Amino acid sequence: MFGALLDAERGGSFELRPEAPYDVERRYRPGTNVLETTFHTEGGAARVVDAMTVAGSGLVPFRELARRVDGLAGEVSFSWRVEARFGYADAGTRVERRLGVPVATSGAHALAVQYWNAGESATEEGAIAGTIHVRAGESAVIAVSIAHQEPLVFSSREEVEARIEATAGAWADWSSGRGYRGRWGDAVIRSALALKLLVHAPSGAVAAAATTSVPEELGGERNWDYRFCWVRDSAFTLGAFLGLGCGADARAYFWWLMQASQLTQPRLRVLYRLDGGARAPERTLPLRGYRDSRPVRIGNAAAAQLQLDTYGELLQTAWLYATSGYRIDNDIARRLAEMADLVCESWRHPDAGIWEVRSQPQHFTQSKMMCWVALDRAGDLAKRGVIPAGHAQRWLQEAESIQDFVETRCFSEEKRSYVRHAGSDELDASLLLGLLLSYGDPGSDRWAGTIEAVRRELQDGPFVRRYTGEDGLVGSEGAFLTCSFWLAEALARSGRVEDATRLMDQLVALANDVGLYAEEIEPATGAFLGNIPQGLSHLALISAALAVGEATAR
Amino acid sequence: MSVWGAIAGGFAGTLVLTTALRAGNELNLTRMDLPFLLGTAFTSDRTRAKALGYVLHFLVGFGFALIYYAIFLAIGHSGWWLGAIFGLLHGLFSGTALVDTLLPLIHPRMGTRSTAAPSVALLEPPGFLMLNYGAQTPLVSLVAHIAYGTLVGGFISLAS
Numbered sequence: 001m002f003g004a005l006l007d008a009e010r011g012g013s014f015e016l017r018p019e020a021p022y023d024v025e026r027r028y029r030p031g032t033n034v035l036e037t038t039f040h041t042e043g044g045a046a047r048v049v050d051a052m053t054v055a056g057s058g059l060v061p062f063r064e065l066a067r068r069v070d071g072l073a074g075e076v077s078f079s080w081r082v083e084a085r086f087g088y089a090d091a092g093t094r095v096e097r098r099l100g101v102p103v104a105t106s107g108a109h110a111l112a113v114q115y116w117n118a119g120e121s122a123t124e125e126g127a128i129a130g131t132i133h134v135r136a137g138e139s140a141v142i143a144v145s146i147a148h149q150e151p152l153v154f155s156s157r158e159e160v161e162a163r164i165e166a167t168a169g170a171w172a173d174w175s176s177g178r179g180y181r182g183r184w185g186d187a188v189i190r191s192a193l194a195l196k197l198l199v200h201a202p203s204g205a206v207a208a209a210a211t212t213s214v215p216e217e218l219g220g221e222r223n224w225d226y227r228f229c230w231v232r233d234s235a236f237t238l239g240a241f242l243g244l245g246c247g248a249d250a251r252a253y254f255w256w257l258m259q260a261s262q263l264t265q266p267r268l269r270v271l272y273r274l275d276g277g278a279r280a281p282e283r284t285l286p287l288r289g290y291r292d293s294r295p296v297r298i299g300n301a302a303a304a305q306l307q308l309d310t311y312g313e314l315l316q317t318a319w320l321y322a323t324s325g326y327r328i329d330n331d332i333a334r335r336l337a338e339m340a341d342l343v344c345e346s347w348r349h350p351d352a353g354i355w356e357v358r359s360q361p362q363h364f365t366q367s368k369m370m371c372w373v374a375l376d377r378a379g380d381l382a383k384r385g386v387i388p389a390g391h392a393q394r395w396l397q398e399a400e401s402i403q404d405f406v407e408t409r410c411f412s413e414e415k416r417s418y419v420r421h422a423g424s425d426e427l428d429a430s431l432l433l434g435l436l437l438s439y440g441d442p443g444s445d446r447w448a449g450t451i452e453a454v455r456r457e458l459q460d461g462p463f464v465r466r467y468t469g470e471d472g473l474v475g476s477e478g479a480f481l482t483c484s485f486w487l488a489e490a491l492a493r494s495g496r497v498e499d500a501t502r503l504m505d506q507l508v509a510l511a512n513d514v515g516l517y518a519e520e521i522e523p524a525t526g527a528f529l530g531n532i533p534q535g536l537s538h539l540a541l542i543s544a545a546l547a548v549g550e551a552t553a554r
Numbered sequence: 001m002s003v004w005g006a007i008a009g010g011f012a013g014t015l016v017l018t019t020a021l022r023a024g025n026e027l028n029l030t031r032m033d034l035p036f037l038l039g040t041a042f043t044s045d046r047t048r049a050k051a052l053g054y055v056l057h058f059l060v061g062f063g064f065a066l067i068y069y070a071i072f073l074a075i076g077h078s079g080w081w082l083g084a085i086f087g088l089l090h091g092l093f094s095g096t097a098l099v100d101t102l103l104p105l106i107h108p109r110m111g112t113r114s115t116a117a118p119s120v121a122l123l124e125p126p127g128f129l130m131l132n133y134g135a136q137t138p139l140v141s142l143v144a145h146i147a148y149g150t151l152v153g154g155f156i157s158l159a160s
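Just so you know, the sequences run in chain order A and B. When you line the first sequence up against the working numbering, it's residues 1 to 554, in that order. When you line the second sequence up against the working numbering, it's residues 1 to 160, in that order.
Among the hints, erroneous ones may be present.
Unchecked claim - Which stretches of chain A does chain B cover? Using the computed rule of at least three CB atoms under 8 angstroms from a CB of chain B, they are:
#, segment
1, 100 to 111
2, 143 to 154
3, 173 to 182
Claimed, not checked - Under 10 angstroms between C-beta atoms, here's a sample of chain B residues computed to sit facing chain A:
#, residue
4, Arg22
5, Thr112
6, Ser119
7, Pro125
8, Phe128
9, Ala135
10, Pro138
Hint data in this document are derived by calculation from the structure and do not stem from the laboratory. From a predicted model like this one, the values you see are computed outputs, not experimental measurements. Cβ atoms here follow ideal geometry from the backbone N, Cα and C, with glycine treated the same way.
Chain A with its partners taken away, still in its complex shape:
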């Protein structure tokens, strides 16, 4: 509906800006997801408060974006314009009025624009537009309410303003209940709040990012749709929820994950739709792309890839869940055991790896390590009586075979490091996940050598690239923020707490003005690349902050 990020002309937007030249600063209200943007013009200053309101009691819109303009000094004039483009700008849109309120409709979707003290609106070329003049002490409100498969709900100004404050209060209450009190408190809480915005409330699924096709290389083809839930992220997601005392979110997420994966069990898809569906066919849209970066994709073809690491991450998730005192029922326990059996049969196959390369499948080292993690955690869960132990002996035997494979074929004596895939001399920062998920002894020479190799070949300042070698795509990409946080966590877990703390300090300073991270960063300019906000970046930040805190306490 609002896709101007991907096509400024056709994409649709909700613009609200001063008519005169201005300086601007932004912040989230502390501990909330309510955004405050303060504009300073020659004539005065005004603050815009933005909230995706949380539904309270009473008759409320299906979804609502509320924007209040508060005059702070002098007088400021704003122009506003709502241009709704349904169906990724491909569906016909009608603009009409109901009860005097301008509405835009398309099929089973509709949007109403209510405004108070915001001038008279005009409809022009499918857009709804107006002007606001606020003096110090005055305020104006614009509320965009959405209806999907139902009639619109029109609210009063008092109701909208009450919902803005109730939303801020609800977020502040939630934040105050989080458990982290360490060195990077603001960054951790901001990351947790960003994750909450990525939770699909009806199901408990967590989207990998809020956007699609924001490019990893400006003008390039590395533009992907991240509005899905990746099994790859599951262990970090559950670990973050548990580590921050979000028990309800942890339960909802785990049950969603097990419900979604039931459709394909014992096999796992790489990713699932937020409603739990397994299909995510990829197609391109006729949009201009973010700064001409095409194609713009929706759906994700990685869904059908074989990525063996997912089994390790899911069994680690189940292990975290069970060892934190939550109950796993008999049906899920049986399915987890079947997954372990499947790993025994499939770990010898090459796969696309955690980075979803579109080149030939390989025996990726990280995938093998995660297969070992899967069987190790399954064995432990069996020992604890959580899952059936009938095949536990086989799981442990196969885990030993995987370890033999990794230690003999995936380690370079020359580099003194594990390598990207069997027989190669390329490096991959995702190898550090082996250390993070307890493959081998974190204090071993092999892990020390691998950390050094990653720092030597992939690190540049606080920035870490994902891998060396090819991936089947044209062009290059920036540094991968998640990998930087993994390196910080690996340093902490291997006893190098000072190095980890120094790196974390640098990484926390890289967030944007409101504390958010994209997927990647361009080392030369510090510009963000890729989808934003990126859940995995924030998950890795939380995990690293918790790990450094634990290591410091030891």
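Guided by the hints, dock chain B onto chain A, whose structure is given.
Just chain B, lined up with the frame of chain A:
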């Protein structure tokens, strides 16, 4: 003809009508949600409104089936084809007088054509033939009501 046939037809017909309207939602044809409209007349809680609305919708479905039955008795004819014609008239009546004119007058949470600047939350009114809920709404509604009438007429004549 039997009243039990009317009740059975009312149940089957409302089931199909409700399903057809939901299918219309899923096919992106309409925003009409009759259970939501009915339920919000009694509660402002979304979830309760939808649950209550489904119950009310079935009761209304039974009520209309009994009206069909009474008319069939009065004219001495029944059958699926006559039910289909009744369904068509019923659909037109619903989209014009019933939902467009009467419902906004008695619904405490629905705006009317003369409402402006609400002081409490109000639902979007349906408009003539419920066109406010999408250009395809009259078509979806008529097809669903014809299916309802066909089933009611068929069940009543089967129970003869």
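**Request:** Verify the interface restraint on B:Phe128: the C-beta must sit less than 10 angstroms from at least one C-beta of chain A.
**Result:** For B:Phe128, the interface hint is violated, since the closest Cβ of chain A sits about 13 angstroms away, which is over 10 angstroms.
**Message:** B:Thr112 was flagged as interface toward chain A. Is the shortest Cβ-Cβ separation under 10 angstroms?
**Reply:** With a minimum Cβ separation of about 8 angstroms from chain A (threshold 10 angstroms), the hint on B:Thr112 holds.
**Item:** Hint validity - B:Arg22 Cβ closer than 10 angstroms to any chain A Cβ
**Value:** 8 angstroms, holds
**Asked** Is the interface hint for B:Ala135 satisfied, with its Cβ closer than 10 angstroms to some Cβ of chain A?
**Response** 8 angstroms, holds
**Asked** Given as covered by chain B, does the segment 143 to 154 of chain A meet the bar of three residues or more with CB within less than 8 angstroms?
**Response** holds (count 8)
**Asked** Holds or violated: is there a CB of chain A closer than 10 angstroms to the CB of B:Ser119?
**Response** Where the cut-off is 10 angstroms and the nearest Cβ of chain A is about 5 angstroms from B:Ser119, the hint holds.
**Request:** State whether the coverage of the segment 173 to 182 of chain A by chain B holds or is violated, taking the criterion as 3 or more residues with Cβ-Cβ distances under 8 angstroms.
**Result:** Not satisfied, violated; 0 residues make the cut.
**Message:** Does B:Pro138 hold up as a contact with chain A if the rule is Cβ-Cβ below 10 angstroms?
**Reply:** 15 angstroms, violated
**Asked** Against chain B, does the segment 100 to 111 of chain A show at least 3 residues with beta-carbon separation below 8 angstroms?
**Response** As far as the segment 100 to 111 of chain A goes, the hint holds, because 7 residues have Cβ atoms under 8 angstroms from chain B.
**Message:** Given a cut of 10 angstroms on the nearest C-beta pair, is the interface hint for B:Pro125 held or broken against chain A?
**Reply:** 7 angstroms, holds
This entry does not satisfy hints 3, 8 and 10, going by the numbered hints stated previously.
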